[in-house]
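With chain A's structure known, arrange chain B on it following the hints.
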Amino acid sequence: MSELERELEQELHRVLDAVAARPIPLRRAVHPRVGLRALVGGAGAALAVKVLTGVAVAAAAVTVAGAATTGSLNPAVWGQAVSDQVVKCKQQVANSSQHGIGDCVSSFASQHGAAVSSAARHNGNGNPNGNGQANGNGSSNGNGNANGHSKDKSKDHTAPPKTSSTSIPTFDPEPIDQVNTHPPVTISPEP
Amino acid sequence: MQSSELEGAEPAARQAETERYEPGSDADFERLYRNTYRRIVGTLITIVRDVSTAEDCAQETYERAYRGWAKWRPDAPVEAWLHRIAINVAISDRRYQRLRQAGEVIRRLGRPAPGADPAVVAERSVMVQALKKLPPKQAAALVLRHYHGYTNREIAAALDVPEQTVASRLAAARKHLQVVLGS
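First to last, the sequence lines map onto chains A and B. Residues 1 to 191 (my numbering) are what the first sequence spells out, left to right. Residues 1 to 183 (my numbering) are what the second sequence spells out, left to right.
Hints listed in this document are in silico derivations from the structure and should not be mistaken for laboratory results. Mixed in with the good hints there might be a few duds.
For lysine to aspartate or glutamate, the following DMTMM-like pairs were computed, each having C-alpha atoms within a straight-line distance of at most 25 Å [claimed, not checked]:
(1) B:K175 / A:E9
(2) B:K132 / B:E60
(3) B:K133 / A:E9
(4) B:K133 / B:E60
(5) B:K132 / A:E3
(6) B:K137 / B:D160
(7) B:K175 / A:E3
(8) B:K137 / B:E55
(9) B:K132 / A:D17
(10) B:K137 / A:D84
(11) A:K88 / A:D103
(12) B:K132 / B:D26
(13) B:K175 / A:E7
(14) B:K133 / A:E3
(15) B:K132 / A:D103
(16) B:K133 / A:E7
(17) B:K132 / B:D56
(18) B:K71 / B:E19
(19) B:K175 / A:E5
(20) B:K175 / A:E11
(21) B:K132 / A:E7
(22) B:K133 / A:D17
(23) B:K71 / B:D117
(24) B:K132 / A:E9
(25) B:K137 / A:E7
(26) B:K133 / B:D75
(27) B:K133 / A:E11
(28) B:K137 / A:D17
(29) B:K133 / A:E5
(30) B:K137 / A:E5
(31) B:K137 / A:E11
(32) B:K133 / B:E163
(33) B:K137 / B:D93
(34) B:K132 / A:E5
(35) B:K137 / A:E9
Anything over 10 Å on all C-beta distances counts as not near chain B; from chain A, calculated [claimed, not checked]:
(36) P25
(37) T53
(38) K88
(39) D103
The model shown is predicted, which means the values in this text are computed figures rather than measured ones. Note that CB positions come from ideal geometry on N, CA and C, so glycine has one too.
With the rest of the complex left out, here is chain A (with noise of 0.2 Å):
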């Protein structure tokens, strides 16, 4: 052993023994990892939360947006709303060479259909095939209007006749009865 080995030596045990012999610490806790399973499943926890909350905000989209065609998903509110579009479809077919109004209310109409088809579809109660008919209490004569242009759209009435070219459509509301104002019909069989 050379001179500086054992010096060595001997300055190593004179210092490091005395550090060694210190009472011994207790062990650091160790905290436990997170697995890489906890995590995916965290991540695949959130990406579920994701979707059911991105299904959630289209639905409600849907909904908004079929309200916002009239400003409501009422049949009464709709029916004004048809009223406000026809006078609109008027005045631009007077400044127009257009014949007619139909595409014009027709284009409106089907929106209205749409949306309320999908807001139908949605809430769970109303029927798939988008006629308009979702809300199921015919109390508006705009529904029905609605799908009659919708239906004619669809088979590319380009050229409409011109039998009643000048007739213009109205949507003035029916004739309601008063009541006891009309006397009974009685029908007798026929022999």
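For chain B alone, kept in the frame of chain A given last:
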């Protein structure tokens, strides 16, 4: 160094190697900690800059060892395995040493006059200071050989290098140490 000198110098290290440990057993790991802590700290003191850092590195060593405890193979020398982890921890600590130096200076300004604390004695030792100036793996080889009394083969197992590498590393370390002490 003679083999008889080696065997007489470190009975505790030899005893630790003959102890039986069950991988993954918490009780056995706690026993391993009690049996080896002082020697691990002794090795770390010569590599890192002070005793408190050596103690921190020792705790980090046992944390890492605990995470791999279930995978440890009983046929491998357990203390060599611990020393390998400890030296890696010390090397990592040295890399960040410069970043800590500014804060250390501020901390020491308020420190009272040192007494006969063994830690302070160790920090002031010329030999320990010289060892700290060596590359960590060279310092570790010297300490494992001349303080713990490991053979070159055991050091090779601890550092996971060929035995020939240990011999050349020890030779380089002695030469380097002479230069540092002579300057």
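A quick look at each hint next to the structure:
1. With a CA separation close to 16 Å, the supplied pair K175 (chain B) and E9 (chain A) stays within the 25 Å bound.
2. The hinted pair formed by K132 (chain B) and E60 (chain B) meets the criterion: a straight-line CA distance of about 19 Å does not exceed 25 Å.
3. For a cut-off of 25 Å, the pair hint linking K133 (chain B) to E9 (chain A) stands: about 17 Å separates their Cα positions.
4. A hinted pair counts as satisfied when its Cα atoms are at most 25 Å apart, and K133 (chain B) with E60 (chain B) qualifies at roughly 22 Å.
5. Restraint check: the Cα-Cα separation between K132 (chain B) and E3 (chain A) comes to about 20 Å, which is no more than 25 Å; the hinted pair holds.
6. Proposed proximity of K137 (chain B) and D160 (chain B) is supported: the alpha carbons are some 11 Å apart, at most 25 Å.
7. Between K175 (chain B) and E3 (chain A) the CA atoms are separated by roughly 13 Å; this keeps the pair inside 25 Å, and the hint holds.
8. Among the hinted pairs, K137 (chain B) with E55 (chain B) is consistent with the structure: their alpha-carbon atoms are about 19 Å apart, no more than 25 Å.
9. Only pairs whose Cα atoms come within 25 Å are accepted, and K132 (chain B) paired with D17 (chain A) is accepted, the gap being roughly 18 Å.
10. Of the supplied pair hints, the one linking K137 (chain B) and D84 (chain A) is violated, its CA atoms being roughly 89 Å apart against a limit of 25 Å.
11. For the suggested pair K88 (chain A) and D103 (chain A), the alpha carbons sit about 12 Å apart, so the restraint of at most 25 Å is met.
12. A C-alpha spacing of about 34 Å is found between K132 (chain B) and D26 (chain B), which places the hinted pair above 25 Å, so the restraint is violated.
13. The straight-line distance between the Cα atoms of K175 (chain B) and E7 (chain A) is roughly 14 Å, inside the 25 Å bound, and the hint therefore holds.
14. Taking the CA atoms of K133 (chain B) and E3 (chain A), the gap is near 20 Å; set against the 25 Å cutoff, the hint holds.
15. Distance hint between K132 (chain B) and D103 (chain A) is unfulfilled; the C-alpha atoms sit about 91 Å from each other, more than 25 Å.
16. Proximity of K133 (chain B) to E7 (chain A) is assessed by CA-CA distance (about 17 Å); at most 25 Å being required, the pair is judged to hold.
17. Using a Cα cut-off of 25 Å, the hinted pair K132 (chain B) and D56 (chain B) holds, with the two alpha carbons roughly 17 Å apart.
18. For the hint linking K71 (chain B) to E19 (chain B), the alpha-carbon distance of about 18 Å falls within 25 Å, and the restraint holds.
19. Our distance criterion of 25 Å between C-alpha atoms is met by K175 (chain B) and E5 (chain A), whose separation comes to about 11 Å.
20. For a cut-off of 25 Å, the pair hint linking K175 (chain B) to E11 (chain A) stands: about 17 Å separates their Cα positions.
21. For the hint linking K132 (chain B) to E7 (chain A), the alpha-carbon distance of about 16 Å falls within 25 Å, and the restraint holds.
22. Between K133 (chain B) and D17 (chain A), the direct Cα distance comes to roughly 21 Å. Compliance with the 25 Å bound is thereby established for this hinted pair.
23. Taken as a hint, the K71 (chain B) and D117 (chain B) pair is broken in the structure, with Cα atoms around 39 Å apart against an allowance of 25 Å.
24. Distance restraint check for K132 (chain B) and E9 (chain A): the Cα-Cα separation of roughly 16 Å lies within the 25 Å cut-off, and the hinted pair is therefore satisfied.
25. The hinted pair formed by K137 (chain B) and E7 (chain A) meets the criterion: a straight-line CA distance of about 20 Å does not exceed 25 Å.
26. About 35 Å separates the Cα atoms of K133 (chain B) and D75 (chain B), which puts this hinted pair outside 25 Å; it is violated.
27. A threshold of 25 Å between alpha carbons decides the hint, and for K133 (chain B) with E11 (chain A) the separation of about 16 Å falls inside it, so the pair holds.
28. For the proposed pair K137 (chain B) and D17 (chain A), the alpha carbon gap of about 21 Å is at most 25 Å, so the pair holds.
29. Annotation: proposed proximity of K133 (chain B) to E5 (chain A) holds, straight-line Cα distance about 17 Å (limit 25 Å).
30. Restraint check: the Cα-Cα separation between K137 (chain B) and E5 (chain A) comes to about 17 Å, which is no more than 25 Å; the hinted pair holds.
31. For the hint pairing K137 (chain B) with E11 (chain A), the CA-to-CA distance comes to about 19 Å; that is within 25 Å, so the pair holds.
32. Restraint check: the Cα-Cα separation between K133 (chain B) and E163 (chain B) comes to about 24 Å, which is no more than 25 Å; the hinted pair holds.
33. A C-alpha spacing of about 13 Å is found between K137 (chain B) and D93 (chain B), which places the hinted pair at or below 25 Å, so the restraint holds.
34. Between K132 (chain B) and E5 (chain A) the CA atoms are separated by roughly 17 Å; this keeps the pair inside 25 Å, and the hint holds.
35. Pair hint K137 (chain B) plus E9 (chain A) holds up; C-alpha atoms about 18 Å apart against a cutoff of 25 Å.
36. Consistency note on P25 (chain A): stated as away from chain B, yet its beta-carbon is not over 10 Å from all of that chain's, at 7 Å minimum.
37. Remark: the non-interface label on T53 (chain A) is consistent with the geometry, its nearest Cβ contact in chain B lying 37 Å away (cut-off 10 Å).
38. Remark: the non-interface label on K88 (chain A) is consistent with the geometry, its nearest Cβ contact in chain B lying 73 Å away (cut-off 10 Å).
39. Remark: the non-interface label on D103 (chain A) is consistent with the geometry, its nearest Cβ contact in chain B lying 74 Å away (cut-off 10 Å).
Violated hints, in rising order: 10, 12, 15, 23, 26, 36; the structure is consistent with all others.
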